[in-house]
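Q: Residue-level listing of the chains:
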Amino acid sequence: MATTAVDHAHSHAAAHGPPSGLWSWITTVDHKRIGILYGATAFVFFLMGGIEALLLRIQLGRPDNTFLSPELYNQLFTMHGTTMIFLAVMPLSAMFFNFFIPLLIGARDVAFPRLNAFSYWVFLLGGLFLNAGFLFGAAPNQGWFGYANLTSNQYSPGLNVDFWMLGLQILGIASLAAGVNFFVTVLNMRAPGMKLMRMPMFVWMSFITQVLILLAFPVITVALILLMFNRFFGTHFFVPTGGGDPLLWQHLFWIFGHPEVYILILPSFGIVSEILPVFSRKPLFGYAAMVFSGSFIAFLGFGVWSHHMFATGMGPIADTVFSLSTMLIAIPTGVKIFNWIGTIWGGSVQLRTPMYFALGFIAMFIMGGLSGVMHASPPADLQQTDTYFVVAHFHYVLFGGSIFALTGGAYYWWPKMFGRMLDETLGKVHFWLMLIGFNLTFFPMHIVGLLGMPRRVYTYPAGLGFEAYNQVETAGAFLLLLAFSVFIVNVLKTWRKPADAPADPWNGATLEWSIPSPPQEFNFGEVPTVHSRDPLWEEKRERGGQLPEPARVSGAGIHMPNPSFWPVLAACGVTAVFISLMMLPKLGPIGVVAAVLLLFVSVFNWAFEPA
Amino acid sequence: MSHDTAHALEHDTSTGLDNRKLAIWTFIGSECLFFASLISTYLVYRGKSLVGPFPHEAWTSPAGRHFDPILEIKLVTVGTALLLFSSLFVVIGLNGAQRGNRGQLLAGLGATIVCGIFFVGMQVYEFTHFVHEGLKLQTNLFGASFFTLTGFHGTHVTIGVIWLSTVFILALRGKLPPKKALNLEMAALYWHFVDVVWIVIFPVVYLMK
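Protein chains in written order, with our numbering: chain A, -18 to 592; chain B, 12 to 220.
To be clear, the hints were calculated from the coordinates, so they are not data collected in a lab.
Since the structure is predicted, the reported quantities are computational estimates derived from the model, not experimental observations.
Worth double-checking, as some hints may not be accurate.
As the list claims (entries may be wrong) - Result set (BS3-like, lysine-lysine): computed pairs, CA atoms no more than 27 Å apart in a straight line:
(1) B:K147 / A:K176
(2) A:K176 / A:K521
(3) B:K85 / B:K32
(4) B:K59 / B:K85
(5) A:K567 / B:K59
(6) B:K32 / B:K191
Unchecked claim - Computed footprint of chain B on chain A; a stretch qualifies when at least three of its residues, placed anywhere within it, have a C-beta under 8 Å from a C-beta of chain B:
(7) 160 to 170
(8) 213 to 219
What the hints assert, rightly or not - Selected chain A positions facing chain B (in silico; Cβ < 8 Å):
(9) F93
(10) L195
(11) L207
(12) P227
(13) G323
Glycine is no exception: its CB is placed at the ideal position from the N, C-alpha and C atoms.
Take these sequences, add in the hints, and give me the full structure.
A: Below is the structure:
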């Protein structure tokens, strides 16, 4: 067999440490390496989105400012939103899906390792494509929601919207491929005894997230296809002069867009549900209620999209229905919050850095949730919509919620990923700077919003009472810059220390802490058998509290999937298809045919390559 | 093939279903929302075209040109029948593959592919005919939503034909023994799905007036 040589070479590598070098990263199918690639890439995009936000805050720091032109301001706020959602929070969650779902369920890899690599490369190329607009001075400038009429050829003749709609389409392919992969992984790759109702809560929330991705992304795919037909081929899907309805775009967009909100927050719910029990020394309170409330949130998430559209005048019946279904979501969310508090209650709380962030998450997320219930009411929403009040609301849930939890997750799982403990003191400095900076930046937005300051406008005149609040907000934004600088210093400092973190630094409850830090290529020398929801705590109890440090094993004889470069090439093919669509006026159909051919050849070779 | 990956992990899957089969089902679930969005768009814009030609009504343009109702229901009914029968043929082919009956496998799979090619050919003829008649993608909302919906369905059929043909070549070369019948079953599941979608599209577009 042709595969023998490869198999031999591979088991050799498994016995003598992982392969290294750039090529090994490009062709890797190891879920842990792909997780690190996701994390590193997403963090760079996060910094870019953050710098975009800082520029916006400098512009708004004083009235009638001319630091940014209106055109550039539009590009920056559009790219800030698009970047943070699609290139920062989603892939930062994907980092944890990749690295930790297999470890938490006791698997050696995901169900489809090469598809996993494909997802990452498509994400990276999609992110670069989206940002390439800056190089042409034509970054997307219509807002992350891309409302119709703003995106038509008549009102957006440049390349700006093209970069956005094609870039998002590429990123959607990455998310869908990963969605299928992790859906199958969670259902099919669990270790013996890891029943669904024994899965760690992070796995549960991630699983629900995959369902949301699988059902929500096809809708935005269609919406973007229709938009592309409008712009490239002259159809009138959302163009009133041809009989089209701009509101159809809003419906399609928000049928995707509201579940997307839960795609951004549910993994964070999961992370916090892992951190709180470990640092409270108590099992998660109300496990089943947590699972069902998460599922219920996801289910309701598909029935609330029109609360983004109260201002369009849908009529009293639609307003009432969507208002009530939106308020209903407060119930399962409240269940979660009380269960988190119940987990801490009476526990012997250890205030380590991950716990700080988890507690910060609960407090900030409650505030964001409460302002969310406020604009579930149509009359209140009509006052708040398009003002900074809404900006305050979604930053409290996405920054105060998602980013706090993701940062906590980074501190929690860092030793497992890299074998090094992040510095506790710097971690706590990071936390306090972030908490104070966050509230200084976003709390005053509630007030200026209710005072009537509109969002998405590049400046405001003096004398409306907005000045002081905006100055505080801008100062807060720089505090956030400082907070993340401390994090970077912490990472660099940690990097210079030896990789000597113990396997189980926090007295963890879940399977990833039973193997060395960082894990070996095959994760588990022996696939574990699971008997309870907190398998490691149970094992420690049985063995009198302590477990010996797990030894590194040879791994000879464990077959792991081979590296492959077809996923990278297929990802290039996907991106080439969209670039060729953009170049259609210049290259003609030849470019599209060549790109599709590249994609087909890659997929065929992939399918027939021995794994 | 990737089949080996599924079993590289030493223990069987938690559900007992093969990873790849579960993945195809998952993908199909996701595709439902894709076609649901396209069909909804078609329905939302039904009867909203500002100018003809129309699907079910005659129309005279301001310049005085007369247009008959443009849909060719008889032709498409034949195409629909072919697609429906192809789902039966692929089941026959799959049964042949699972029982190691090479003749039945090749005949069933071959018939499926021929039906698929005829369906795509029917659609190419229909599209060309419409353009000659004066209905283009840009003409009106009917043209836009019709070509988009049926075009994306046709693309799915085309991909199915390519996929099934690949499996057919494997079978010809004797590389589809019963234990690898799943390679055909996945393509067959996808094929059934594409067929089921057409069962919705056909009445919505061609029969509903």
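Q: Now, for every hint given, state plainly whether the structure supports it.
A: Consistency of the hints with the structure:
1. For the given pair, K147 of chain B sits about 55 Å from K176 of chain A by alpha-carbon distance, which is inconsistent with the 27 Å threshold.
2. The straight-line distance between the Cα atoms of K176 of chain A and K521 of chain A is roughly 21 Å, inside the 27 Å bound, and the hint therefore holds.
3. Between K85 of chain B and K32 of chain B, the direct Cα distance comes to roughly 36 Å. Violation of the 27 Å bound is thereby established for this hinted pair.
4. A hinted pair counts as satisfied when its Cα atoms are at most 27 Å apart, and K59 of chain B with K85 of chain B qualifies at roughly 25 Å.
5. Of the pairs offered as hints, the one joining K567 of chain A and K59 of chain B is violated, with about 34 Å between alpha carbons and a cut-off of 27 Å exceeded.
6. Note on K32 of chain B and K191 of chain B: the hinted pairing holds, with a Cα-Cα distance of about 12 Å set against a maximum of 27 Å.
7. Under the rule that three or more residues need a Cβ within less than 8 Å of chain B, the assignment of the region 160 to 170 of chain A holds, with 8 such residues.
8. Against chain B, the region 213 to 219 of chain A contributes 5 residues with a C-beta closer than 8 Å to a partner C-beta. That satisfies the three-residue criterion, and the hint holds.
9. For the restraint placing F93 of chain A at the interface with chain B, the shortest Cβ-Cβ distance is roughly 7 Å, inside the 8 Å limit, so the hint holds.
10. Annotation: interface hint on L195 of chain A holds; nearest CB of chain B at approximately 4 Å, less than 8 Å.
11. Taking 8 Å as the C-beta cut-off, the interface hint given for L207 of chain A holds, the closest approach to chain B being about 7 Å.
12. Evaluation of the P227 of chain A hint against chain B yields a violated restraint, the C-beta minimum of about 12 Å exceeding 8 Å.
13. Contact between G323 of chain A and chain B, as hinted, is not supported at the beta carbon level, the nearest pair being about 30 Å apart and thus beyond 8 Å.
Violated hints for the displayed structure, listed by number in ascending order: 1, 3, 5, 12 and 13.
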